[in-house]
Structure formats: structure tokens, C-alpha cells
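Following this note's numbering from start to finish, the sequence shown increments by one per residue and tops out at 283.
Don't take each hint at face value.
The calculated DSS-like cross-link candidates involving lysine-lysine, where the alpha carbons are at most 30 Å apart (straight line), are [what the hints assert, rightly or not]:
(1) K182 to K250
(2) K182 to K47
(3) K180 to K250
The set of hints was computed from the structure by calculation and includes no laboratory data.
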Amino acid sequence: MARRFSAPYLSEPVSRLASWSRNLAVFAVVAVLVSIIIVRFGFLEIKPALATFFGALACAGLSILVGLIGAAAIWQSGARGVSRILFAFLINALLLAYPAYLGLQYRRLPAIHDITTDPIDPPRFEALARLRSGDGANPAVYAGLYSAEQQRTAYPDIETVELELPVQRAYEITLQLVTKRKWLVIDERAPQPPRRIGRIEAVARTPIMGFREDVSIRVTPDDEDSRVDIRSSSRYFESDLGSNAARVRKLIDDLNSAADNDSLKPVKKPAAPTKTPPKVVKK
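Could you put the whole structure together from the sequences, leaning on the hints where they help?
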């Protein structure tokens, strides 16, 4: 009959603190996912969703604290549970990395939420104005001179887009780019005589939490060319952590690239008329 050998380590109990650290980390992940679902699908108001999100981050911080205490206890008692603590630390690191990055962005960037290529006469929110009238929402009116000065300092490259295209073609390219981004178009008005000004209003979403950020685009004629002005504004929060500037900057780059590609397209030459052979008169 074979004899059983048991390692002394396996007979030691598992640290309860290690188990608590792991359980708190798993709970924090579940709470973060629930808060993201709440915001994206609009099950609750944004304040309860944010309370759930920050509560999850607090659980992650508590998990780290419990894990550190548990690691010290394991060092002294020789109990098991190191793998559970390491698993909890890995989950917490992944969970807190992005909020930590956003915290650095908050310290580095100005606390503004309204970015536009034309601070003097920014594109207006007309159809979107009614969506920005809820409790805690930012107003539809442009933030003003203070925001313009802060934007000029932080994002000096955001300026009006000047395209060597007719206004109708510039509007079509802009609408194509908006549709490609899958923004929710609320209103679109093609440039019509006599003013020939095109307007697009749409709603974009932030990548992870899905916060709504409103976009208004104005396309105006400039002799034979055109000018495109863009405005992107967060519906909530005083600081956008740079998301609106990144959106406007990317759209500017794509507009310039699309206009360059459009101007390089060869012009189709009209087909030459086929010559009919001369009639031969039989004598």
C-alpha cells in the first residue's frame, strides 16, 4: 500500500485577509462594469452611476490595503494565500490604471469642457439645446472668454479648417466623416441659397464610460473655397480631461486628408464623339 506524503505547507490554513483582498478586487470589477452599463444604456441618472463607479474604486483601494496587511500576516504566521493576494493586486492595478491616468490629465489640462475652432463665433447648439437642459447638464451657450483663453493656451493648434473645395462638397465630406464615426446625428442641413451655410449636430460618446458629448459643425463658403468650424462640448462635468480637444483635432486631420484625396482624383474627361464614316454616293 502506497504511503501518503503531505507537505507541511499544505496543512497551513489560508489567510482570511488574503481571501478578503481577492473578494474585494472581484467585487470592484463587477461594480465598475455595472456602472459602465448604467451610463451607456441610461438605466439610471448619471449621479448614481458615478457613485457606483467611485465606490468600486474605493473597494479596489481597500483590497490593496487588506492585501498588504494580509501579506505581512502571512510573512509572520506562514499561512497560505500569497497567490490570492497577487491575483487581487493584478486586478486592482488594471482597474486603477486608467483612473490614475485621468487624474494626471486633470492636473495637467485646464478645467474646461467646451472646445471650438472659432471662439469668437462658435457653432451654436440648436437641436441639441433641449438635450442640455437637464439637471446638472452644462448650458448650450458657449462657455465664454475664460474658456477661449484657456483653450488657446492648452490647444493652440485647434483652428478653423480651410478647404479648397466648394461648400457643398466640403459639407458632403464632413457628413461622411461624422457618419463613419457612428455619431448620433440629431440635425443636418445642407448648404442652401442664399447663405449656403451647412450645419450638422451630433452626439458622440466617450470610449469607456460612454458619456455624451455634443458636436456642432458649421460649413460656410469662402469664395470658391469653404471653411469648416467645429465645436465639441461635454454635456456634464466642468473638465473634459482633453476628450473634446482630441475629438476636434482628429476630425480636423481627417477633413484635411479627405479634402487632399478628393482634390487628387482625376477629372473624368467627356467621351469624344464617335466619327461617323462619310457616306459614299454611288454613281
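Hint check:
Taken as a hint, the K182 and K250 pair is honoured in the structure, with Cα atoms around 15 Å apart against an allowance of 30 Å. Using a Cα cut-off of 30 Å, the hinted pair K182 and K47 holds, with the two alpha carbons roughly 26 Å apart. Our distance criterion of 30 Å between C-alpha atoms is met by K180 and K250, whose separation comes to about 13 Å.
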